[in-house]
Structures are given as structure tokens and as C-alpha cells.
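Chains as they are written, first to last, in the working numbering: chain A, 173 to 679; chain B, 27 to 395.
Be aware that one or more of the hints could be misleading.
[Stated by the list, open to error] Lysine-lysine pairs mimicking DSS-like chemistry, simulated, CA-CA at most 27 Å apart: (1) B:K41 x A:K632; (2) A:K238 x B:K393; (3) A:K322 x B:K175; (4) A:K576 x A:K560; (5) A:K656 x B:K37; (6) B:K180 x A:K322; (7) B:K41 x A:K238; (8) A:K322 x B:K50; (9) A:K632 x B:K37; (10) B:K175 x A:K238; (11) B:K37 x A:K322; (12) B:K49 x A:K322.
Hints in this document: simulated from the structure, not taken from any laboratory.
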Amino acid sequence: MANLSLELEAERKKICQVAKNVGLDCFETVFEMVNFDQISQFASYGGFPVRYPHWRFGMEYEQLSKSYEYGLSKIYEMVINTDPCYAYLMEGNSMMDQKLVMAHVYGHCDFFKNNIWFSKTNRKMMDQMANHATRVRQYIDRYGYEEVEKFIDLCLSLENLIDRYSILNGPTQFNEKKPQVRESDFVFQVEKSYMKNYINPPDVVAEFKKDQMLKMKDRAQFPAEPVRDILTFLIHYAPLEEWQQDILSIIKDESYYFAPQGMTKTMNEGWASYWHSHIMTKHILNDSEIIDFADHHAGAMFMKMGGYNPYKVGIELMREIEERWNKGKFGREWDECDDVKERKHWDKKLNLGREKIFEVRKLYNDVTFIDEFLTEDFCVRNKMFVYKMNKETGRFDIDTRDFKAIKAQLLFQMANFGQPIIKIENANFENRGELLLRHVHEGLDLQPNYMDATMKNLNKLWKRPINMITIMDNEPQLFRFDGKEYTKHSLSENANSQAEPSRKDSE
Amino acid sequence: MPIREDQNRFKNIVKGKVRDDFKKYVTNGELIGKREDEFVKIPLPRIDIPTFRYGPKQDQQGVGQGEGDGEPQQGQGQGQQGSGKGEAGENAGEHMLEVEISLEELAEILGEKLQLPKILPKGTANLMTEKTRYSGIAPVGPEGLRKFKQTYKKALSRYISSGNYDPNDPVIIPIRADYQYRTVKKTQKPHTKAVVIYMMDVSGSMGEEQKEIVRLESFWINTWLKKHYKGLDTRFIIHDAAAKEVDENTFFKTSESGGTLISSAYKLCQQIIEAEYPTDEWNIYPFHFSDGDNWSGEDTRLCVQLIKEYFLPRVNVFSYGQVESKYGSGQFLKDLQKEFGDDDQVTLSQIESREKILDSIKDFLGKGK
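Bound-form chain A, shown alone (with noise of 0.2 Å):
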């Protein structure tokens, strides 16, 4: 498969080499070289070759080539986490270039393959992905291009409604019925349909039903436990037919699937560039190669005035973490030290760096990264700051450079990945089959307008009216969505009654 030039596959046996002896753990890595025109379109399928037909993919593509075709951006790198790992370079990058993503690109492969959060996805997801793409074309032939995408359009609408958390477990499994009055539960079976009011007297049936429907109002909530795998749950409960159940999984599957790297953005880029920095300046650049080097590897680094750049930040915490543990500045004795000299000059030449930083790499994720990490002498030295809006002037002020506040934001940001917590809470919502979604709020809103369309999109799957709570404009309001209407109600004290008691309804 790998197409490289003898001369780039003599460099990356050598990289592949070193990656190795400096410790580097990695899949089997294809290097294969394509143009300009093929990296678009795997970029915009996400790194794979072969994904379900969707316009979305071409936006992408579209957005790409142009942005190319303009000289506006340029991909240097791909890799996606298979076993073998699939890399891309670009045709016609240098040569300094193309050493510094193979060497890149070793450090994702090492970390794909140890870092835990990664333990749980499927190593073949290229073979997955076509099944995936073949099994969605089936379906267009069967159901109709147009009817599929829309399916699929509410699908992806829900694509991050998932437990990031899951993942080490494994999928959310249901046991749970759903609280259902169906008829033929208490009904006899009658064959012939003149028999059917003299075997199942209507008055009998109707008196039997409302007893259920009170019944089921005493009944446990449904679910249990809030549930935060919304997709899943849809999948195990909505209404919906085979080839759509089918479809939902298919999303379902691929957002679990890229979940972890959505995880470990920083930590992954800041390995990564911690080993092709290492690999390269101390085994593979050349003398000519090292001004070209340090240049790209500075763009790579920039980080924009205002702006988080992961590879900045991940690269500088892994290098400030290896010497902390090459001097031995951690533990309690470190922590209470208070003498300003000591510290500067602590060296208890412990060598313990490398050996952390590979522990490092193979237990965290972002959060956990920054939230242990993070250091107020990393903040100074690294001029950090959190940023505000200032509302007189409309621009952006330092707020503060306090390390609290600093690492308050960063965790902040980072927490559940950048995306809002929801869960259902309640499946039967009034015992009437309504969804009842409530959204922790930590301090930001949703965005309204994406809030109504995202609910209307529910309620295509669901079928019956949809309610979120969450907090807008600091006030606690219940949001609704009745497949035509959207209705809201304030949570807030005496209005409070509202929909609390309700809700105690099928409590």
C-alpha cells in the first residue's frame, strides 16, 4: 500500500527507528503519499477513505479545496487511530517536512495505542466505516436518497448527546421496559372480529386501562437514573424503524469512535510534538534542514494572541512536567517549600521525567491533564491570563492573571469536552411518553435558536413533545416543544410549582 519514494521509506525506517528506542510503542504505521485533492477529501471524511454519503462531507470539502486554492491553509499532517495506523503526507512538502509529520505522527500513533481513553475503539474502524457507508447506501436504494438524509441530518443533530464517560465501561446497556399501556397486554386474543366486544366488553377494556395508567403513575421513574447516553437510549427506545435504528447506531458508533480525541486534543498534539521535536533535533534534522525546522515547528507552536493553541500548551506542560520529575519538584516536600532561592535551584536529580511523562500520557485526558498539571509557575512563565469582554469598549480586556482563575477557566472549558451536560430525566414525562431533558448548567446558556431547532429534530425521533429545563437569561425555565408549538414556563420560585409537582406526577 505504502507508496513512498526509497528515499522518504530509507528516512522513515530511520524515524520509525528512533521512535522506538527512545521508547515510543506504536501500531504498524502506513505512510501512504497523496496530492492535494485526496487529502481534502480524507480530511473531510475525517481521515477515512470511505464514509456514508452526506453533504456535510462536501461542505467540508468545499471549504477545504477552496481554503487551499486561496493559500489560506494547508494540511500537513493526517493520522487516524487503526491498527495499522493510516498517516498522509502531502505530496510536494519538503523533505525536512515530510520527516517532521513522520516523526509527528509516531508520537499519535504511540499515544492512540497506550492512552487508555483509546483502549475501547475499534482498531478496523476502516473496515467499520465502509460497512457503515454500504449499509447506509442500502438504504438509499431502498428508502430514497432524500428520505435517508434527513434521517441522518437529525441523527448527527443529536451526534454529541453521548456519555463521554462510558467509554472505559463500554456502551450504556438498558434493561429497563418502557412504561407502555398496551393493550394487548390485558386483552384476549380474539380470532374472529365479531367475537372481539363479547370476549373484551369495550367497558371492561376501558375501566382496565385507566386502572394500568394509574397504576404506572405510581410506578419507578422511567429511567431509573437520569441518562446521559442519549443515543443510546433513543436507539433502545424511540419509535423508530429498523433501517433508522440502524442509522442511529451507525452515528452513535462514530461519535463514540472520535470521542477520545476529542478528549485528549491537547495532550495528543503536545505529544506529538514533544517527540518530533525530540526525534528530529537530536537524531534526524540535518544541518541545512534545522532553520526550515525550527520555523515550521514555531508556526505549529504559535499561539495567537487570545486564542488556545493545544499543541502550545500540551507540549509545554509535557516538557515542564519531565523536569519537575528530573529534579524532583513534586510531593509534599516540594509543595511546602516556601524559600524562593531553594526552589529556583531544587534539583534532587531523581531522572524520574521520561518515566512520568509516558505514565502521563497513558492515564489522562485533557481535564485531568490541566487539572493536575497546571501549575502557577507554568502560568507565569507562560504570561497566561483569563480574558473578558469588556462591555464599555465591546473588546477584550486581561481580567486577571490570577492562577486560580486561569486554571478555573481552562477546566472550565475543557469540562465534558466543550459541550453542554444532558441528560434525560425522564422518559414519561407526565406520564404521558413526553421526554423531559434537563441541562446542567454551569454557568453558560444554551444557544437558544440551535436549542429549538435541536429540540424539533428530537421530536422527530421521539414523537411526542419534547421538555428541557435548564437556566436562560439567569432564570431556571422549562422549555417545550409539542412537534408544532414551542411553549416555555419560568422555574423560579413561586412559578416553581409549575412543572416541579408535575413532574412528582410519575415520581
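Here the structure of chain A is known, so what remains is to put chain B in place on it, guided by the hints.
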């Protein structure tokens, strides 16, 4: 590449959006400002799949890195809003997507929206251009142009009709008589040329807004006519009390004060046609826009006479658009209506505001002339 399929699908969706919001684009001058030869760039909001996501409007804050001067009030730390993976605080709905649509496609959408009939060029019968294409078939020719498929078919039919064909052993051997060759074929193509002559009143009473309306109308008229005529000429005449020919830019920029003598423009138009556009070769479309004031009834009578005697026998259709303005009396339209009320060859349209542009285009082009 499979991505092409998705890309085409995306482009179709975009075109659908343009179609849905067509009216907005028709009345939006910015669109036309961006035209480039054969393409028009249309700004579209990014097509998005809605998800539950954080909104932008709350306390926008994030972490940055850099010097700043330490003062909380005036740091250098202003920057892009949102950091953290670019998720939080990204202002949705502000991404603009610029799509290119060819004039041809735009004309199609226009035609579809307004249900415009196809234009039947007049006087094409006597003007033909001859074109040669390799679309004919001949039994002789150079080997290089032999058509395998046709030759095979011929041989096959010979086999079948002579009863020698054996389905179990379908060997076909062509003989000399079966050979077929590509050859040139002459086709006669009607040669259609058209000229649009825009005339506009630039007297003081025609304001900026009125001119903008004329500009938009002329753009759409051109787009539609271009679809039907390979070579489309446009000429521009402005007039107040006297008329002169100008280029397109001047046409829309000029503002004069003074009286209005419409016949001056018609006379100049007549001269241009006589000098450069022989009527048996050209489809001629004079368009005249004004706010409806004319110097005198005398002059109006002269105009009517010119239209009747000179223009109508020579042009495809004579169009007059009256742009409503605060100052104009609008008398001219009434006069023309009286005179040509049911003449198929004269189209009259009243354009009260931008919103009426579409209707007026329909008035002008709806007759299929």
C-alpha cells in the same frame, strides 16, 4: 472520487437555499457588486446542523497568553473570542459561506421562480451560421475514424439476417461492406444576436434609490437575455433635456438637474440602431426607465409617434419602466397606457419600490418576446 457526490449534493442544497431566498437576493444590490464574469458570488449563512451547544452572548471570557501591560482595564489581551477548542463562545450564525453560482444557473432560477417563458428570437430564419461536427456516419473513410460499435452492429445484423448467427458461438467477422466511419456533418445554426439599449432619465427627480432599482432590474434583465442570446450587447443612454450615450458605470452614477425631454433619448436610440444594428440581424430590446415626467404633452406625442412608427416595426419589444419617486407625476405611463394599452409589443411596468422588482421583471419578460 466519492466526495464529489457529497460536494454536488451540498451544492444542490445551496442552490435550493438561493432559490428559497431568491427575492432577498433580487433586491440586494450587494450581490451584483460581486459579480465576476460568468459567476456571481452569493453570501450565505453557513448551513449548519443544530445541536445543543453553548450560546455566545454571555460573559465572554477565556484564557490567553502574552504580555499585556498588567492593567486590568487596558490589556493587550483583546483577541478572538472563545478559546478552549474553539467551541465555547464561537459565535454561530456569523460564518458566511460564499458560494459561486453561474449566471446561467441564476437565470434558470429566475425563470423558474417567475415562470418566464422562453424567448423566441425573431428573424433567425435568414441568418444561419454553418458549423461542421463529426457526428455523421459514412461507409468510407480513414481507418483512424472507424467506429467500432456501428461496424459491429452492422455486421451483427448481417449475420442475423443471413441466418448465420449462432448464439452459442457468437463470432462476428465484419467484411468491408460493414465498415462504418465517422464523418463531418454540416449543421445550420441560427445565429442570434441581441442588443439591449437602456435609457434612463437622470433629471433631478430620479434619486439614488430609483437608480439602484434600475440597476438591479437591468442586471436581471441582462441575466435572462444572456441565457437566450449568445452575443448580447448592452448600450446605455442617459437623458435629461438632451440625451447622450455613456458607459455602464456613468449610467448609474450620473445625476443631472434640469428638465426632461424623453424624445431626445428615443431619437438617440434610433440613431444607434440605424447606425449599428441592422434589424434583420439583431434582436433589439429598448428599455426606458423614468419617473414619468415629461417636459410637455407635445414631446410625449412625439415619443408615442416614434414608438409607433420607428420602434415597433423593428424591435422585439419596447419596454418602459416607471420608477416611483416623490417628485414624479407619473403622467408618461398613463399616456403610454392609453396609447398602447393592449399592444403586445409594448410592455409597461410600474415599480413602486424594491419589493416590486420581481413583479416588474415578470412584466417585462413574461411575454416571451
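If you check each hint against the structure, which ones fail?
-> 2, 3, 5, 6, 10
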